[in-house]
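Chemist: Please work from the sequences and hints to get the whole structure.
Heads up: the sequence lines are chains A and B, in that order. Just so we're aligned: the first sequence equals residues 2 to 154 in the numbering used here. Just so we're aligned: the second sequence equals residues 4 to 436 in the numbering used here.
The set of hints was computed from the structure by calculation and includes no laboratory data. Treat the hints with caution; some may be incorrect.
Here are the in silico distance ranges between beta carbons for each label pair [claimed, not checked]:
id, chain 1, residue 1, chain 2, residue 2, range
1, B, Tyr-78, A, Gly-113, 50 to 58 angstroms
2, A, Glu-108, B, Pro-44, 36 to 44 angstroms
3, B, Ile-53, A, Ile-13, 21 to 29 angstroms
4, B, Val-173, A, Glu-89, 41 to 49 angstroms
5, B, Ala-38, A, Pro-125, 33 to 41 angstroms
6, B, Asp-324, A, Pro-125, 51 to 59 angstroms
7, B, Glu-347, A, Lys-81, 40 to 48 angstroms
Among the chain A residues that face chain B by a calculated CB cut under 8 angstroms, a handful are [unchecked claim]:
id, residue
8, Tyr-10
9, Cys-41
10, Gly-42
11, Gly-65
12, Cys-66
13, Arg-127
14, Val-128
15, Cys-130
Not close to chain B: a few residues of chain A, all C-beta gaps over 10 angstroms, as computed [as the list claims (entries may be wrong)]:
id, residue
16, Arg-19
17, Leu-40
18, Asp-43
19, Glu-78
20, Thr-102
21, Asp-111
22, Thr-119
Just so you know, even glycine gets a beta-carbon here, dropped at the ideal spot from N, CA and C.
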Amino acid sequence: MTDELEDLYQDIILDHNRHPANFRPMAHADRTVEADNPLCGDQLTLYLKLDDGRIADIAFQGSGCAISIASASLLTERLKGATIAEAEQLFETMHHMLTGTARPEDEAVDLGSLAALTGVRRYPMRVKCATLSWHALKAALDGHGDDDIISTE
Amino acid sequence: MRIRFNWTGTMNPDTEPSTFDPSARAPSPPWDLDAIRRDFPVLAQRVRGIPLAYLDNAATSQKPTAVIDAIANFYRHDNANVHRAVYTLAERATAAYEAARERVRGWINAASADEIVFLRGTTEAINLLANTVGQDWSAGDRVVLTTMEHHANIVPWQLLRQRNRVEIAVLPITPKGELDMDALPALLDGPTRLLALTHVSNVLGTVNPIAEVVRIAHDRGVPVLVDGAQAMAHQRVDVQALDCDFYAFSGHKMFGPTGIGVLYGKAARLSALPPWQGGGEMIRRVTFERTRFAPPPQRFEAGTQDFAGAVGLAAAIDYLDRLDPTAMERHEAELLRHATERLEAIPGLRIIGRARHKAPVVSFLVDGAHAHDLGTLLDRKGIAVRTGHHCAMPLMDFYGVPATSRASLAFYNTHDEVDRLADAIDDARKVLA
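Modeler: Dropping the structure here:
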C-alpha cells in the first residue's frame, strides 16, 4: 500500500471499523438523529443522553464505509462525558479539519485519535463519509428530534 | 439478414432463428489489442506512476483518435451553423451533419434517416418521449417499466405521473437478474400505453430479449421504447429486426463524444408526436398568430444542435465498423468469462447479476469491504471502477444492498487488467477485513 493510502486507512481507522465503539441502540435517548448519505447509501443513527449540560451517554448504529463507521466510533469515544459546549466546539473544529478549511485555532486543538480522520482531506470524494456523523451530532446538539433526517446532500 | 452473437458466443435470442453456422465462416483475424489500445490515447497514461486500468466503460467509454480528430477537424475546417445559410461553409457543415444522420441510420438499420433524431443523449430522448407520447395520456393510463431500469427511464415517467396522474407498473426480475417474462403479459393488458425498458442493464449486464419482449407487447397493441445506452458499445443493433417503436442511445457510451445522442422512432410513431421544445430549426412557418411545425426529425431538434458531436458520433461508428464484430464479441465474452472466474474465486465476493446473456459488466459485493473503501483502494492501484448505486436505486433495493462495485469492460480492456482488478480486490479485502 502507498504511504498516502496509509494516511487514510490507518490501523486506528481500520480497527474502529472492525470493532466500532458504542455501536448499540439506546433506549430512552434524549436525542435521536438519523443521518444518511444518499450518494453512497451510508446510514447511521446517533443517540444522545444528556444530563445537566453533559453528554451522559452516546451511541450509534448504522451501516457505511470504513471511514464513516470509524468517524462515528471515534466521535462517540471522544464525546462521552463532554459538555455540550465542548461538543459544539469540537464539531466546528472537525468540520474545518475534515473539509480542508482549518483555522489556526483548529490546528491548535489536540485531536488525539480523531487526527487519524483528517487524512480524508486528500480524498475529496470521501470527505462526506467522514463528516456524516459530525453533522448528525450537530443536529442532535441543536435539538433536532426523532423525525429529522440529516443528509449530507 | 444480419447475424449477431451474444457474449457467450451463442446465438443472440434477439435475432430471428438462423441456420448460420459460425464455425463455417472464415476465421476472423486475432484481436490485435495492442493496436486497438494505441487508438485510444487516454489509455496510455499512468495514474500515480501505475498504468491506468479503465474499467468504468458503462459510465462513459474512451475515445479513439479518429473521433477526437474528426471533431477537431470539423471545428478547424467545416464549422458553420447547419440548415441556415447558403454559403459554401454552411453547406459543408449541413452535409456533414446529415451524413452523420445517414451513418447512424445505416448502423442501426433504420428504414429512413428521418427516423433519426439527434438529441443530447439517452436521458433527453426519454424525457422527450415522456413529454410527447405521454402528453394526451390521462389518469389511469399506464406505462410499464422494469426493476432494472436506470433512473433515466424512471424519473421522466414519474414527472409525467405528477402531471397526468398516469400509473407506473414495474415488471419484476428474477434473483439472477433476468426479466420475469411470465409476468409481462398481464402487465400489458388494460390501459397500458407504453412499455419502456433497457436493452442491457448498466448494473447487472443482463441483455434483455428485446425482440421477444416487443413481439409480446405488439400482440397486445403496446408500443415499446428501448433504452439502448448500454447496448451500443457491445453489439450491432438492428432496430427493424428488434421491431421496437423507439430506441434511444448516447454517443459517449459508444466511443463517441458527450453531448450527442439519438432517438430512433418508427416514422409513423414520430410523425404522430407533437413538438417538445420550441425554437429555431423545428418550424416550417412562424407568424405571431400561429406556427406550423417541421416534420420529424427537425420537429424535435429545436435550436442549434451539437452538429460537431454528430460528426464525432459518425466517426465513432466508422471506427466500430472497421472492427471485426466476431472477434470483438469473442474478446468481450472471454474478458467476461475471465473476470467472472477470477472474481468468484475471491473469498467473500458475491457477483450481483447472473443472467445467461450478459454484457461484460460485473457488479459485486465483498464481505466486510464497503464499495467506497474498495473504490478508493483500487484507485490507488490505477484501477478505475464505479462504486455506488449506479443510478439504479430501485434495483439496489431489490437486492437489498446500498451500493455495489462495478467493473464494466470494453473491447480494449485486457486480461492483465482483469487480473490486476482481482488481485487489488483481494488485497483491499485483506486490508479492510
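Chemist: So, for every hint listed, does it hold in this structure?
Modeler: A quick look at each hint next to the structure:
About 57 angstroms separates the C-beta atoms of Tyr-78 of chain B and Gly-113 of chain A, a value consistent with the hinted range of 50 to 58 angstroms. Checked against the given bound of 36 to 44 angstroms, the beta carbons of Glu-108 of chain A and Pro-44 of chain B, roughly 43 angstroms apart, stay inside it. The hinted window of 21 to 29 angstroms between Ile-53 of chain B and Ile-13 of chain A holds, with their beta carbons roughly 27 angstroms apart. As the Cβ distance of Val-173 of chain B to Glu-89 of chain A is approximately 46 angstroms, the hint placing it in 41 to 49 angstroms holds.
Distance hint check for Ala-38 of chain B and Pro-125 of chain A: the Cβ-Cβ separation is about 37 angstroms, which falls inside the suggested range of 33 to 41 angstroms. For the pair Asp-324 of chain B and Pro-125 of chain A, the supplied restraint of 51 to 59 angstroms is violated, since their beta-carbon distance comes to about 40 angstroms. About 44 angstroms separates the C-beta atoms of Glu-347 of chain B and Lys-81 of chain A, a value consistent with the hinted range of 40 to 48 angstroms. Here the hint on Tyr-10 of chain A is kept, as its CB sits about 6 angstroms from the closest CB of chain B, short of 8 angstroms.
The restraint placing Cys-41 of chain A at the interface with chain B holds, with a minimum CB-CB distance near 5 angstroms, inside the 8 angstroms limit. Annotation: Gly-42 of chain A was flagged as interfacial toward chain B, and the flag holds, the nearest CB pair being 3 angstroms apart, inside 8 angstroms. Interface hint status for Gly-65 of chain A: upheld, as the beta-carbon distance to the closest one in chain B is roughly 7 angstroms, under 8 angstroms. Hint status for Cys-66 of chain A: holds, given a least beta-carbon distance of 4 angstroms to chain B, under 8 angstroms.
Satisfaction of the interface hint for Arg-127 of chain A is found here, the shortest Cβ-Cβ separation to chain B being roughly 6 angstroms, below the 8 angstroms cut-off. Below 8 angstroms, beta-carbon pairs count as interface contacts, and Val-128 of chain A has none with chain B, the closest being about 12 angstroms; its hint is therefore violated. Among the interface hints, the one on Cys-130 of chain A holds; its C-beta lies about 7 angstroms from the nearest C-beta in chain B, closer than the 8 angstroms criterion. Not every CB of chain B lies more than 10 angstroms from the CB of Arg-19 of chain A, the least distance being 8 angstroms, so the non-interface label is violated.
With a minimum CB-CB distance of about 7 angstroms to chain B, Leu-40 of chain A fails to clear the 10 angstroms threshold, and the non-interface call is violated. Against chain B, the non-interface label of Asp-43 of chain A is violated: not every CB pair exceeds 10 angstroms, the least being about 7 angstroms. Here Glu-78 of chain A stays apart from chain B, with its beta-carbon at least about 20 angstroms from theirs, past the 10 angstroms limit. Non-interface status of Thr-102 of chain A relative to chain B is upheld: no Cβ of that chain comes within 10 angstroms, the nearest being about 22 angstroms off.
Distance to chain B confirms Asp-111 of chain A as a non-interface residue, since its nearest Cβ pair spans about 28 angstroms, more than 10 angstroms. In this structure Thr-119 of chain A is separated from chain B by more than 10 angstroms, as the shortest Cβ-Cβ distance comes to about 16 angstroms.
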